[in-house]
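One-letter residues, chain by chain:
There are 2 protein chains.
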Amino acid sequence: MAKKPYRPQLTDAAKPATFEVEAVNERGEMVPTAVAGEHPLTLYLDKRELVTLMTLGHAPEALALGYLRNQRLVGALKDVVAVQVDWETESCAVTTRKSVKDLKRKMGKRTVTSGCGQGTMFGNLMEEIERIKLRNDVSLGDEQLFTLVDKVRKYETIYKQAGAVHGCALATCEGEILMFVEDVGRHNAVDAIAGYMWLQGIDGSDKVFYTTGRLTSEMVIKCAQMRIPFLVSRSGLTQMGHEIAQKTGITMLGRASGRHYLAFTGRQRLLSTAPRQTAIA
Amino acid sequence: MAKKPYRPQLTDAAKPATFEVEAVNERGEMVPTAVAGEHPLTLYLDKRELVTLMTLGHAPEALALGYLRNQRLVGALKDVVAVQVDWETESCAVTTRKSVKDLKRKMGKRTVTSGCGQGTMFGNLMEEIERIKLRNDVSLGDEQLFTLVDKVRKYETIYKQAGAVHGCALATCEGEILMFVEDVGRHNAVDAIAGYMWLQGIDGSDKVFYTTGRLTSEMVIKCAQMRIPFLVSRSGLTQMGHEIAQKTGITMLGRASGRHYLAFTGRQRLLSTAPRQTAIA
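From first to last, the protein sequence lines stand for chains C and D.
Residues 6 to 286 in our numbering are what the first sequence lists, from first letter to last.
Residues 6 to 286 in our numbering are what the second sequence lists, from first letter to last.
Pulled out of the complex, with its shape left as it was, chain C reads as follows:
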C-alpha cells in the first residue's frame, strides 16, 4: 500500500466562485450577470510578508503552497507546518519548520512576465530549466488527447457561468483528468495545481498539463519545473514559450480543440495515427 503523503495543517477557506451583478444590455433590458470572484490574498512566510495575489479564492491553501513551490521558496512539502487562510484579514500565513534563508535575495529580482507576471526569478529559473531532463519513455496518443480536450469542457463550470477565468488541468496520458482548477489569474491556477500535486503526493513525470491560456515562457517553465513532459493549450503560443519549450524538450501542443491540434516541439513523445506527410502548400 502506498504511504499516505505528509499533510501540513490546513484551513479549508474556499470562497464562493461567482457573484451576481446587474447589467443593462443594448435593448435596455436588465440582465443579471455572474461575475468571477476576485480577492486579494497576502502571503506571509514565517511572518514575513511576501506578496499579495489577486485570486478567485477557490483553493487558497493549494495556491499558497504551489506559489511557494514554483517560486522555489520552499523545497519540500514536509518543510511546511501549517497554511492558514483568514479572509477577514485577507491573509494566508505559512509556517515552515525552519525559516527560509536568504528570502530577501530570493525575492529580489522581479520579472514582469507576459501579461501574467508573478515576479519570477527569471535568471535563476532559466539555469534550473537547463538542468531539467524530462522523461522520454512516456507517450501520448491522439485519441487520448482528444478525450482530455473533450473532458476539460465539462470541468469549466466557472468559465461557463462568468467567463474571465483561466482553467488548468493535470491529466494522465490516458486522458483522465486528475485535478482541475480555475482562477482569475492564469498563474494562480497553475500554482494551485502544483500545490495539490504536493498535497496528494502526485509525481508529474508521466502526466499531461492542460491550460486554457496561452503558452508563454512562464507556463513552459512551470510545467518543466514540475517535470511534466506534455503541455497542451487550446490557445496559441509566444516566441519565448516556443524557445524555452525547445530548450526543455517538452512536448508542446497548441490550438487543441475538438480533434485538432498543432504540435510545436517534442513530437517524439506523440503517438500519432496520422502518417508523417510533407509540408502543405
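Read the hints as simulated data drawn from the structure, not as lab findings.
Everything numeric in this text was worked out from a predicted model, so none of it was measured.
Warning: the hint list may mix true and false statements.
Copies of the same chain look alike in the list, so a pair counts if it fits in one copy or across any two.
List of simulated lysine to any residue pairs, SDA-like, C-alpha gap at most 25 Å [stated by the list, open to error]: (1) 8 <-> 140; (2) 165 <-> 240; (3) 159 <-> 240; (4) 156 <-> 183; (5) 165 <-> 24; (6) 252 <-> 36; (7) 20 <-> 165; (8) 252 <-> 39; (9) 165 <-> 262; (10) 156 <-> 240.
Using the hints provided, position chain D relative to the given structure of chain C.
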C-alpha cells in the same frame, strides 16, 4: 494653433511583431505558424534597475514611458530627458531631470494582480482612485460604440496572424480610433497607450478605452488614472473590477461585440436608443 507637445529624446527600436515556427497538425502535415514575439526588456530609471517586462517589443519607448506613468514613478513627461532602448542588452534606459526620490519605497509593495500582475502599489493607488473625479459632461451613443467595436477588428493584425496577444485602443466618443497597441502582455498594451498619450499630448477625459482583455481591477484603475470615463471590453469582468468601477463611477461595458453589449456601471453617460425596460424574466 496647439502648442507642440514636449518630446524627450527617444530611440525608435520596434521589433518585428511575429516570427514563424514549424508545427505538425493532427493529420501529420507541416504547418508553418506565426508566433507573437516576446522579449525581455529591463527598465533602468536613472541607472537603477526597476523591472523586466516581457513584451512584444513593438512600441518599447511608449511602453517604458507608460509604465513609469501608470506606476506613478514619473509625474510628467517633461521630467523625462531620454528613453533609450537597446535590444542588444535587452534594456531600456530612462533618464529624468531629477532622480526619482524614494524609489525603493515606491517600488516596495508588490501586488500580483489577476493573471497580469505588474506589482502595482495597490494600497497607494486605491487612495488615489478614490480622489479621482471622472467627467460627467461626456456621453457615448450606441451607434458610436458599435462603430468603434467594428473598427477594432481591422486593427488587430497581430492577433489575426498569431493570436496570443491582447489589444487596446484609445478612441473618441465618435468611435474614431486614435491609437491601437497589441502586446503579449495585457498591461503592456495599456501602458504603451498611456505612453503615447503623453507623447502626443492627448487628454483622456473625453475618450473611450477599449480592451480585448478582461475587466479586472487593474484595468479599471489604470483607466481611471488616465481620467478616461469609458471602459469597453469584448470580454467579461471580475468582481473587483466591478467594485472599483462602481467606486470610480466609470462607465464600464463588457461583452461588446457586433451590436451587443452589457453596461455594468456609469450608465448615465450612455445615450442608448433603446427604451429603458423592466427586468427580463
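Query raised in the report: For the identical chains here, do residue 165 and residue 240 meet the 25 Å Cα criterion within one copy, between copies, both, or neither?
Result: Answer is both; intra-copy 17 Å and inter-copy 13 Å each pass.
Query raised in the report: At most 25 Å between C-alpha atoms: does residue 20 with residue 165 qualify within a copy, between copies, both, or neither?
Result: within (18 Å within a copy, 37 Å between copies)
Requested in this report: At 25 Å max between alpha carbons, let me know whether residue 252 reaches residue 36 within a copy, between copies, both or neither.
Outcome: between (49 Å within a copy, 21 Å between copies)
Report task. Up to 25 Å between alpha-carbons, please classify residue 165 paired with residue 262: within, between, both or neither. Result -> Classified as both; 16 Å inside a copy, 18 Å across copies.
Query raised in the report: What label fits residue 8 with residue 140 when the C-alpha limit is 25 Å: within, between, both, or neither?
Result: within (24 Å within a copy, 64 Å between copies)
Query raised in the report: What label fits residue 156 with residue 240 when the C-alpha limit is 25 Å: within, between, both, or neither?
Result: Classified as both; 17 Å inside a copy, 24 Å across copies.
Query raised in the report: Between copies, within a copy, both or neither: which fits residue 159 and residue 240 at Cα up to 25 Å?
Result: both (18 Å within a copy, 21 Å between copies)
Requested in this report: Since the copies are identical, ignore which copy is meant and state whether residue 156 and residue 183 lie within 25 Å (CA to CA) inside a copy, between copies, both or neither.
Outcome: Within one copy, since 11 Å is at most 25 Å while 43 Å is not.
Query raised in the report: At most 25 Å between C-alpha atoms: does residue 252 with residue 39 qualify within a copy, between copies, both, or neither?
Result: Classified as between; 19 Å across copies, 41 Å inside a copy.
Query raised in the report: Given a CA cutoff of 25 Å, do residue 165 and residue 24 count as a within-copy pair, a between-copy pair, both, or neither?
Result: Within. Shortest intra-copy distance 14 Å satisfies the 25 Å Cα cut-off; inter-copy 33 Å does not.
Checked against the numbered hints given earlier, the structure satisfies every one of them.
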